[in-house]
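> Sequence:
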Amino acid sequence: MAKTKGSKKKAAKSKKARARELAEGGEPPVHMLDRLYATIESRRGADPSTSYTAKLMARGRDKLAQKLGEEATEAVIEAIKGDKEKLIAESADLLYHLLALWATLRIEPADVWDELARREGVSGLAEKAARDGA
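Counting in the working numbering, the final residue of the sequence shown is number 124, and the numbers go up one at a time with none missing.
No wet-lab data here; the hints were simulated from the structure.
Worth double-checking, as some hints may not be accurate.
[What the hints assert, rightly or not] In silico lysine-lysine, DSS-like type, Cα no more than 27 Å apart, as pairs:
hint : residue 1 : residue 2
1    : K45       : K71
2    : K57       : K76
3    : K57       : K71
4    : K76       : K53
5    : K45       : K57
This structure is a prediction, so every number in the text was calculated from the model and none was measured.
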């Protein structure tokens, strides 16, 4: 079923309302990235011939980090080209591969969310100076 102009507007409005709610501190019960991480974790040790995630994780940290770099480069290219749809797709790939790398290194998304929360409301320059010991 094709989306109508009205349904596209409604979906965009819904996304904006959801983003505003999150910006105001309304956290979702389970974040989509947490669900994706759980799915990635569930594929650990699966048959690499039937699971892309298992195949990726079996290749090891270094290859996965390299793949993450490739996905980041592809996202940068689409951003420079100004292709919004392709940038969205590449961003999804980038997030997936980042989560797969976290899983390989046993980094939980909550660890990153905690770090982001710690930095929230702190000037970027002040936060960087604190990290660098300056």
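> Give a verdict on every hint.
Verification of the supplied hints:
1. K45 / K71: violated, 31 Å
2. K57 / K76: Given that 27 Å is the threshold and the Cα spacing comes to 18 Å, the pair holds.
3. K57 / K71: Distance ~21 Å between K57 and K71 Cα, so the pair holds.
4. K76 / K53: Between K76 and K53 the Cα gap is close to 24 Å, so the pair holds against 27 Å.
5. K45 / K57: holds, 12 Å
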